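Q: Read off the chains here:
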Amino acid sequence: MTGESAKTNLPPLSLHVPEPRSRPGDPVDFSDIIVPNAGKQPRPDENADPKDMMDLSYDLVRVLDEKGAAVGPWDPKLNEKQLLKMLRDMALTRAFDERLYRAQRQGKTSFYMKCRGEEATSIAPAMALDSEDMVFPSYRQQGILISRGYPLVEMVNQIYSNKGDKLKGRQLPIMYCSRRLNFFTISGNLATQYPQAVGWAMASAIKGDSRIAAVWCGEGSTAESDFHAAMTFGTVYNAPCIFNVVNNQWAISSFSGFAGAERTTFAARAIGYGMAGLRVDGNDPLAVYAATQWAAQRARTNQGPTLIEHFTYRAEGHSTSDDPSAYRSSDEATEWPLGDPIERLKTHMIGLGIWDEERHAAMDEEVATEVKAATKEAEKNGILGHGLHQPFETMFEDVFEELPWHLREQSEQAIREREIKWPE
Amino acid sequence: MTGESAKTNLPPLSLHVPEPRSRPGDPVDFSDIIVPNAGKQPRPDENADPKDMMDLSYDLVRVLDEKGAAVGPWDPKLNEKQLLKMLRDMALTRAFDERLYRAQRQGKTSFYMKCRGEEATSIAPAMALDSEDMVFPSYRQQGILISRGYPLVEMVNQIYSNKGDKLKGRQLPIMYCSRRLNFFTISGNLATQYPQAVGWAMASAIKGDSRIAAVWCGEGSTAESDFHAAMTFGTVYNAPCIFNVVNNQWAISSFSGFAGAERTTFAARAIGYGMAGLRVDGNDPLAVYAATQWAAQRARTNQGPTLIEHFTYRAEGHSTSDDPSAYRSSDEATEWPLGDPIERLKTHMIGLGIWDEERHAAMDEEVATEVKAATKEAEKNGILGHGLHQPFETMFEDVFEELPWHLREQSEQAIREREIKWPE
Amino acid sequence: MARMNMIQAINSALDNMMERDDNVVMMGEDIGYFGGVFRATAGLQEKYGKTRVFDTPISECGIIGAAVGMGAYGLRPVPEIQFADYIYPGMDQLISEAARLRYRSAGEFTAPITVRSPFGGGIFGGQTHSQSPESMFTHVSGLKTVIPSTPYDAKGLLIASIEDNDPVLFFEPKRIYNGPFDGYYDKPVQPWSKHDAGEVPDDYYRIDLGKANIVREGDDLTVLAYGTMVHVALGVIKEQGIDAEVIDLRTLVPLDIEAIEQSIEKTGRCLIVHEATRTSGFGAELSALVQERCFYHLEAPIERVTGFDTPYPHSLEWAYFPGPVRIGEALDKIMKG
Amino acid sequence: MARMNMIQAINSALDNMMERDDNVVMMGEDIGYFGGVFRATAGLQEKYGKTRVFDTPISECGIIGAAVGMGAYGLRPVPEIQFADYIYPGMDQLISEAARLRYRSAGEFTAPITVRSPFGGGIFGGQTHSQSPESMFTHVSGLKTVIPSTPYDAKGLLIASIEDNDPVLFFEPKRIYNGPFDGYYDKPVQPWSKHDAGEVPDDYYRIDLGKANIVREGDDLTVLAYGTMVHVALGVIKEQGIDAEVIDLRTLVPLDIEAIEQSIEKTGRCLIVHEATRTSGFGAELSALVQERCFYHLEAPIERVTGFDTPYPHSLEWAYFPGPVRIGEALDKIMKG
Ligand SMILES: Cc1ncc(C[n+]2csc(CCOP(=O)(O)OP(=O)(O)O)c2C)c(N)n1
Ligand SMILES: Cc1ncc(C[n+]2csc(CCOP(=O)(O)OP(=O)(O)O)c2C)c(N)n1
Ligand SMILES: [Mg+2]
Ligand SMILES: [Mg+2]
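Residue numbers (this note's numbering), protein chains in the order written: chain E, 113 to 536; chain A, 113 to 536; chain W, 569 to 905; chain B, 569 to 905.
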């Protein structure tokens, strides 16, 4: 062809539209997921050149083997206290999820989102990071707040949007924020936190600070523009930032193939930018800890950012607004080949002889009681829509630092309306 | 660390800000650019798995060796007629650039952009594609229009925004458009054509058509959101689309390091998405032709998209609004290790015995004359700002298919104003 | 003739259009197999195949960008943006590209796309599931903006939007998907099945863009509204026994200026209602137009009743919403003016 | 006191602020070594180092997004968007993030960023180097919008914007970078060095946001304008010998409503001028406000003179521009009204 039309006898083009492994009613088949043996993945130096560690973007870093033993170079060798904290925080997160999910069903609030099955992807990184490091979570990292010791009752206040809510009832439930705990305000817009985290990390570097940033998004969210902006800025300025992609296989009803998973891993995105990338068994809390620790050390020593793909599974619905049985086989969760993070850590600890079933049952009860107490306490401040909300004028505060005339007028209007509606 | 602050004795963080090889006054040093021998790059099958050809994203596909001989598996083995067309179109493009640049300097229009040194990256792909394939150019692919036989006088009419301008004087000079030649309307907003090209390719696949799409942007533009959107959609739907990234080392005053070139190649972006990627000597027209042909064949046979990085050099200023001597060493262009595409093809053809210096000189004169004639002809339709523009009412047409009342009123206003300003 | 709620009517419009025109394709987050988070595309993938109705990556930039390219090819794409709050990453493709394709190519390429998106509050969706961004699009030359207020209109307008050769923003007031909400959030909403405008033909029909609907004739004042607020305004008027003329604009651009002018010339008074934030909302444009064109007919200041200039708060949703009290106050003021 | 053009005044403001506050950093396409395509940041990288003034990838999304993160850290970033026409890829980070950070975190995190961007036409820049998108930002709760009309104001307002703890859009009317253009494109423009407002102190000073400037007092009518159009309006008024009061708004949000009301109460007539497209431009909001608040003082309809509702055309730039003829016609109409 020389730029002239020279139609060859080719078959017509056709559009490829990805299809997930299973739909409702289908048998589940995860045989395409390659689960390498734990302990077999090499652990490069923290100052390795990304070019020399590309394989780790296609491999799967695993520490806990089938018997629950911690094996291989990535074993972070946590002590008993650390393991106990890790286990308990995961259990507490799960108990919290269970109860608040029910609270939503009972009409105490408008919305809730669980992280069941994915607890390791927030609890373990929170532990591997310094408490002064800044985290930019998505909406499924309640585990970080719990790990950092945020009072449960504050979380419930936020979820109930009640008069105790530190966020003044302004945010959708679970969109937490805690400056004190270096936990950035969660956005309802996917992936916007990604370039913000890079900016924060760049600022830390500009100031010669030692704090690094870590940011989370789902695999579905990697398609957003902000993801690319963050990766580009991260690699250009060598920003001290950890990019966590929680690949829980689903984005509401869309399986990971709609984010590109049919073609390569999400960790491989790192290779595209010449960045360090790790693909980690997200249901192995020790592997997640080790990967975070590695990436944090890299960032702290001016070796730049790391992308960590946490390969995991969203064991329940996307949120209380979702019914996953409408689009995926309900057996997927139980068939998931990487197991459950709490079960796996428990087995590990029992194997070490520092834990047993009784203590586990007792812990489960304890965390359930703790959550229950927190919800009771929070309910005193009100539940959504039952009157105990913040004063009307708070609606106009914090739009700007100071109230301009037009918001002052509107605030007066709102208060006048309240008096008309409820003259008492 | 267990999520508690445990400051280690690390040096402070520091921000890395990329620095180009040379600034004005500096000696030029291109020794970091690895120029592999021509002919040494393997040519995989058109249906190769991207996983098995990653090396080609880091290599440099080259066909013309130092003596101008075409060597190796990528030699497209063009016939004499094709070589002549390729050479002449490149020469014509350069002559056109020279003259229209001067026209802008003479005040005949507001703006012009040259592609000197990069002619191969548009002429060769245009030839390797089918004329029915749709191209989505950036502003530096005037070579495609020339290769496809667009009348020069139409190009000049557009540049002069005169009454002959098919785009009615609405677009900035060089923002051409030709539906007849399957040349998409150029946007002033960088990279927006990228997802559009994918959409077009998807549409072609939906329809079982055989036409594919090809799209261009500069290396600087790969940082834009649209680039990522296009790569994601391209890989998810396996769209029949060729992504050309013209890495001419500069984006106005910003060297390619500000788009990430310090860390990896732009072809490697493909690996991040599991897509086929090729890095090509952009000043070797035969290599560019071969790469395009390979990618086109892939796309046509439902093997999906390819990203081609054209490694080249912007030999002149960004546009008539730019003065590159303010930010880079003026020796860079002459020192560029990959030579000049026209010179290289000429040497090749002389080596083949089908060309000589006299014919080349004659051709140069011929194309200059052709361009001159076209500008003279176009000037009859007016130059910018000298009155021979389109009627005022055209300003309101094509905003919508039909003129709504508010535009009708505004059109009447504009005509009234004209009558007030020029009552004659 | 069937009884449909607004989602069903939209689904029916899409179904009709996919049937009539092979070039109509649909794309968006969760719209394929699942049928959309509000079920607007339910059943359509099964019926028309997954190359005509498909899920997309979560990239609003890509969704609009690809739709523009498909439109340039000759298709008639109907992309969905899951919530209007998420349209901003696709803003550049809408403003710089879709809106200007016809103009900059002098008609050689066009973007006949219809962007469907649920908008507005009232479902406790918080800041990011409640916004009403329509006015921004009305500022962009080359875009049309359509907002229905009933199932019947939704279907007819959506069909006309899809058939339109210009890019259309089709915002669906999600608060009234199920029934004509009148602003009394503590009372149950009458379902569309009990409402005349819930009578929707199964077959193709269109309601031309650019034509307002006078939903109530009256002499005392003119109310300009669209979407959910048409019903809220109607409720208050009924309650207060005012003989108002209520105009449901249906299309913001191009606007039915004639209907507006005629009404104001008759009534001499004007109330504008929208849920979007006040400053530079579409109410400002309406107010300016009415004032410019009917100044000498006006007997009282034109009033705007709108959402407040704050993000849409979660718990104080009903304090934010421009409900009956706010509208009532404005009506009083105008009638006394 | 030095004579400065607007670029020099902006450069001086940036220089002062970088000197006073280590937390001020600047970023944008080509702003580092090169000093910006309009030279606004010339010399600053050399003076303050490349970690405080640096070039960025060509990603407006990343520029704004990173700036928001830097602001959350505690810096005071001043990102540049090379042309306002290119701000849309950063729209989501501005609207959904910068504007709402303080609100959604109840004050725990803020985005004290100042986005500088040259805007407006008149330099034969065609559709993508001429736009005036300010009204979109005025619709977003939480954003401030500032537009200077002289070197003196540019410096004082830019300093106040950088010191402001809220996100500010600082649009620079590029047509008057060099001198106060009066709309007669075929006559040479007087340079700022010959104009009083070109007197700019080298030292730090601020002009508070939210305060309009009455650039000419008068009794016949009130002209509301900002940026380039202040000078065009002044030129026509002088020419026509009308005793107009000309208010340079300087800040669109928060608006100096008092200055506006006082003036209209005195003059009873109002002309609004801006270069942006008409429909849902900021003129609509101004018109609505004046009408609502000064209805009983108005003696004639408020008029808007604006750019047309089309993309900014290249060759017909001066037919598009709201120049002296368009303004003159409107003045006539108002004075006869
Ligand atoms: C910009 C934007 N687009 C769309 C949505 C709607 N939405 C909310 S969550 C979600 C799926 C996200 O999936 P993923 O990133 O995989 O995270 P996961 O929920 O699995 O943790 C979508 C589409 C949104 N919140 N923001
Ligand atoms: C969205 C957007 N941002 C910024 C610009 C301004 N701009 C025009 S060309 C250019 C540099 C582009 O560089 P590159 O992509 O490398 O292409 P090249 O000019 O080298 O061919 C910039 C920043 C623009 N046109 N659009
Ligand atoms: Mg997911
Ligand atoms: Mg370049």
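No lab work stands behind these hints: they were computed from the structure.
Since the model is a prediction, treat every value here as computed from it, not as a measurement.
Hints are supplied without guarantee of correctness; some may be wrong.
Residues from chain B that face chain E, not an exhaustive set, calculated with beta carbons under 7 angstroms [claimed, not checked]:
no.	residue
1	Asn573
2	Ser627
3	Ser664
4	Gly675
5	Ile691
6	Ser709
7	Tyr752
8	Pro756
9	Pro822
10	Gly905
Beta carbons are placed, not taken as given, at the ideal position from N, Cα and C, and that holds for glycine.
Q: Decide, hint by hint, whether the structure agrees.
A: Structure-based check of each hint:
The interface hint given for Asn573/B is broken, as the beta carbon of that residue sits about 31 angstroms from the closest beta carbon of chain E, more than 7 angstroms. At a threshold of 7 angstroms, the smallest CB-CB gap from Ser627/B to chain E is about 5 angstroms, leaving the interface hint in force. Given hint, Ser664/B at the interface with chain E, holds; its Cβ is 4 angstroms from that chain's nearest Cβ, closer than 7 angstroms. About 5 angstroms separates the beta-carbon of Gly675/B from the nearest beta-carbon of chain E, less than 7 angstroms, and the hint is met.
Because the smallest distance between the Cβ of Ile691/B and any Cβ of chain E comes to about 29 angstroms, over 7 angstroms, the interface hint for this residue is violated. At its closest, the beta carbon of Ser709/B sits 5 angstroms from a beta carbon of chain E; the interface hint therefore holds under the 7 angstroms criterion. Violation of the interface hint for Tyr752/B is found here, the shortest Cβ-Cβ separation to chain E being roughly 37 angstroms, above the 7 angstroms cut-off. Restraint check, Pro756/B versus chain E: the minimum CB separation of about 41 angstroms is more than 7 angstroms; hint violated.
Interface hint at Pro822/B: satisfied, since its Cβ lies 4 angstroms from the closest Cβ of chain E, which is below the 7 angstroms cut-off. Because the closest C-beta pair between Gly905/B and chain E is about 28 angstroms apart, greater than 7 angstroms, the hint is violated.
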